[in-house]
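Below, each chain spelled out in residue letters.
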Amino acid sequence: MPENLLEVNNLKTYFFTRGGVVKAVDDVSFTMRSGEALGVVGESGCGKSVTALSIIRLIASPPGKIVGGEILFNGENILEKNNEEMTELRGSKISMIFQDPMTSLNPVFTIGYQIAETVKRHRKGISNDQAWQRAIEMLDLVRIPDARRRAKSYPHEFSGGMRQRVMIAIALACNPQLLIADEPTTALDVTIQAQILELMKGLAKEFGTALMLITHDLGVVAGTCEDVIVMYAGHIVESAPVRQIFQTPAHPYTIGLLQSIPRLDEKRGTRLTPIPGQPPDLSREIIGCPYASRCPRVQPRCRQERPELKPVGRGEQLAACFYPS
Amino acid sequence: MVQQQMATSTATGTTLVEVKGLKVHFPIKGGLFNRTIAHVKAVDGVDLTIRRGETLGLVGESGCGKSTTGRAILQLIKPTGGSVKLNGVELTKLPPSELRKKRAEMQMIFQDPFGSLDPRFTVGQIIAEPLENFKRGNAREIREQVAHLLEVVGLNPYYVNRFPHEFSGGQRQRIGIARALALRPSFIVADEPVSALDVSIQAQVVNLLQDLQAEFGLTYLFVAHNLSVVKHISDRVAVMYLGRIVELAESEKLYELPLHPYTQALLSAIPVPDPEVEARRKRIILEGDVPSPVNPPSGCNFHPRCWKAQQICREVTPPLEEKERNHYVACHFPG
Amino acid sequence: MIQFLIKRLIGLVFVVIGVTFITFIMGYFAPGDPIRTMLGEHFSPLLYAQLRHAYGLDLPWYEQYWNFLVHLAHFDFGYSFKTQGRPVWDILKDGVPVSMELALWALVVYLLIGVPVGIISALKANTWVDTLNMGIMLVLYAMPIFVFCVLVQVLIVFIDQETGAGWPVANWGEPWHYTWTDIQFKLAPVLVFGLAGAAYFARITRTSMLEVMRQDYIRTARAKGLPERAVIYRHALRNALIPLITVTGVTLGFTITGAFLIENIFNIPGIGTITVSSVLDRDYPVIQATTVLLAFGVVMGNLLADIAYTLVDPRIKLE
Amino acid sequence: MDMRDREIQPASPLIAPDTNLMVPAEPELLVETPGVIPEAEGPKERKPVSPLRESLRRLRRDKRAMVSLGVIIFMVLLSLLGPFIYQHLGGIYNSPDNGPIPATVYRTFYHQELSHQDELPSAQYWLGTDDLGRDILARLMQGLLVSISVAVLVEVIDITMGILVGVLAGYFGGWIDQVLARLTDIIFAFPGLLFIILLTGIFGTWADTTLSNVPIVGPNGNARLLLVSAALALVSWPLMARLVRGQTLQIKEQQFIEAARTAGSSNLKIIWRHIIPNLFSIVVVAATLDISNTIIGEASISLLGLGVQQPGSSLGLMISEASNAVDTHPWEVLVPSVTLAILVLAFSFLGDGLRDAFDPRTKD
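Protein chains in written order, with my numbering: chain A, 8 to 332; chain B, 64 to 398; chain C, 3 to 321; chain D, 25 to 388.
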């Protein structure tokens, strides 16, 4: 048994568009242990979703293409698998749920069918009846009341929160080792978000599934994950256990993010410190640190060389900055 | 110190906007003859006063009627019932031409930085539109005002002839703010002004809104679903649920000591970017979804999700009452 | 469901009344006197008056129209002007099966060629297969149908001359009979008609399929580990075909319009040919009858499509 | 011909509406944002790019559309100037029946030179003659003139009525909307061609006598063109209005309309400055595609013998006359057929190109 469930090394995923090559994910490396809850944080366009889609190999191609690196899942390189081996893996060992529950379920099939379909696909020799029973069991697990009856409903008869529960049921139906959740609560209201996060966290624990939670909301990460990766402009700029990221952030971008969002528990009269400017255009060549143009601590060296992700002396904390704090 | 000054200044501020019993019901057509078969009770009896110079936050989950309330106050949606007074003038009964004149005093900042700017107008034309409508000067004077407004919101006046699609989301939102400021209004409804923006850009816009308020003495109704942002910018906060206001208090107080169970659940559901705090906090996880505003529950419409609900909650609608000084709540069992 | 049907039937009656009213008013205000035309140069005033009365033309217009509607409710289309005393239905009954046969086979070609071509194009989007397919389909679709007919005729003539075969360039065989001669007659018009419609279906299918393939639920299906076959034929196709149902209903209008021209060029004795000649002869009762028939066909087509739509798409409730 | 209109109906779920009004769905992958101005960047000499200019730039890159545009311009010039040039290039011809006649006579579309029946192309008759010895090229140019004039006339009515009624129905709703809905219902059930056949068939002879006094269009058997145009416009404008109505409803929901109202703009001003300019692209595309229908419609009517009458010429009439002898003189039917096909295809391609240029995402 390899030490790490997932090991991503130097992953590069580019999009080849008419406007040029967009380096959506550029040289990204990280690892995940079995059963770990990892948060991937960043603003839109930072490459967090593309990283996730690369792991499950669902990058729309063309225009997207994984051009370099390796993704080791249980020690095997996913990028070397053929399509058939990949479909075996998806939904059984690695599952994914998406941002918009309103559009992620097929409108013409019943909820139960869509869960049972996954089970049928991955459990050899299971009967239709058994698959349906498993679907109802899963609906029960994600706490959909009256599961037996509701299994026969169509997605449009469910609210957004309920649909996201169904998505979780589909994703976990085959006891996967890794669940990737791409902004699973962004489209939902806060009270529903709390329900879904709670449910997902609990079930992942129960199933022993590692959870990769992709979000732009630092608050969500703080309450759900053990480790955090911060991405910016296609790169990982910082990675650390959750407490360290929030208590002793090292990268100026992480610090900037933390200072720019209002907190519910802050005292009144505090002023936000915004990050000036906006993220760089990824279709252009970026020389030096991608954050240099917005960084308050920028030095001449930052504009010429790209900093590597290195330990910053506090245990497991890594940062890609020449002058970390 | 700062805090206290603010509290006193808002407490003594005179009333700018007064809303009483505001109702907005949208008809649902159907049946054999396309008759109205039901109503969506988007806003169902809202009372509010907004004081001169303050920011009133209006917060709630999607579909609770907060945006509709903002629009109904500005008469962009004709209210079904109730009264709205701006500076003592009743807006709901004004004839269209009179209402148009009143628009100079009340403006709006929109949520969608893409959809709120006409793609075929240049930045200059967008900001000049209200100035032209109200004949604020000749062509040259209007041009000068537009350039000045662009500077005020932190954009280079050089870009006056550019089109909206050439700007980023944050920049577009600044253009929208410049347009809202053009007529020097006293009252601005900001409808989710930062929710479409990236986190690092949100702070830029929030700070800008605060600076402009200080500079021009603006009064804001700040509508948003993000309670952290609302709390940050607002002097007082009103919480809406299913078309009604369930709690209204000074923002600090609301967070420290929420009285309505819904507010308590809402606050506890908001994640705080601090693992220590998250680990300590006790969560109230609400069961179920928000009911449909077509057929809201009887009595207190929060009762099906409330853990404190009693028989009276199913039968009697609790009125919004001042339970503590400047702290209003609509609940039979507050606290 | 019942309420929906009632609502649609009311709409249907309304449309048929609208259509007949327009046709009636046009006929009523048309210049010239049909009875006079019927009688030729020499006639007695008495006979003229008798005929006018027999056809009800001496009544005020609203009574004439009312009588027409009453007769229509009894499926009675009245008598022809041109061939005196001959019931309109007698004239139409030969044309109706011919036109229906032509339309039905054309529809089969639409679906059997158009839909698969559209699917293939969508799956191979932006490759040479797609470009070629869509190039051909665009030309077929945009070209006037009668020009297509003429070009095919020229081609048949050319082949006949080169090979000495006696392939016919016009006429129609016995309706619903399929001997070799019948097939020879029917093949060219059906193919021409069918391909023109197939081009339209191919374009719609491609667009619809591409649209569906972009949807989030297709990504979900892939993320579940379904093989690409299942993703396309189970998840995508079912959704992509929903808009095609509406299109099939709408197509009836096109089929009728196209039939007028096809029948004219290929000399097919269908309802289109009858309509055009009755217009030239100003035989109003026949015109009225064909208009009602065609309008009824179109509306029924749309109604059936609506019903089919609700059966396929669980999101639509008939209310 | 009804179907062509459907393809641009906004009501259909298949067709993406005007991009300029849409929020990009997936910002993370949206990489074609044209040069957003970076905040750090200082003022630079760069021309502002209006959405229209951007679209025209895309159109210029579309080879098929540009070739089509060239073909259309060529055909328009051919129909307007062609006859004069052509008649200047021919010499005197000694006709056995008519004696010496100049090219201004025998190269007219109505002159019958019975000594030259059913001829293939020659120096005297560049595209040959028909069964009555008339110059096919001359008839072709006249036919094109007919097609293009009808198209222009119909589109003017179509666009004016379509925008007027469509915007009013979409913006204000109410009874105008109800009437428009009923009207389009009837038109969908009443196949356009059938209606035109009825109208032209019933009022044709009346038009021959009454309308032939109208200047320019009247003489030479073209009197019925006015009738045909009116009929075509009558069936096409409600569809345009419906399209405009749908688009208006969509634009009306955009926040910039609400913003204009907040800025104190009156309804009239909002319609004039915000709604109509944003309808521009969809109306231009629809009108271009509809020209194909109009041209086909006119040709169909003439083909059925209900449009242009002898000795006038129309592409449809030429096809109809020649198709009787398709087995003996295929050339005579090929020339007008191919010309008509090219003209119609050119408008269709141009329309498609315009649609892509206005909305690059439809091109997948």
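The reader is advised that the hints may include incorrect statements.
Straight-line distance between alpha carbons at most 30 Å, and here's what the computed BS3-like set of lysine-lysine pairs gives [said to hold, decoys possible]:
(1) B:316 to B:83
(2) B:156 to D:293
(3) B:198 to D:87
(4) C:126 to D:276
(5) D:276 to B:92
(6) A:72 to C:126
(7) A:72 to A:100
(8) A:274 to B:316
(9) B:92 to B:141
(10) A:274 to A:212
(11) B:386 to B:345
(12) A:19 to C:126
(13) B:156 to D:87
(14) B:148 to D:87
(15) C:9 to D:293
(16) A:208 to A:127
(17) C:9 to A:127
(18) C:9 to A:88
(19) D:87 to B:141
(20) B:164 to D:293
(21) B:92 to B:164
(22) B:345 to A:274
Treat the hints as calculated values from the structure; they're not laboratory data.
**OP:** Please write out, lowest number first, the hints stated earlier that are contradicted by the structure.
**Re:** 3, 4, 10, 13, 14, 15, 17, 18, 19, 21
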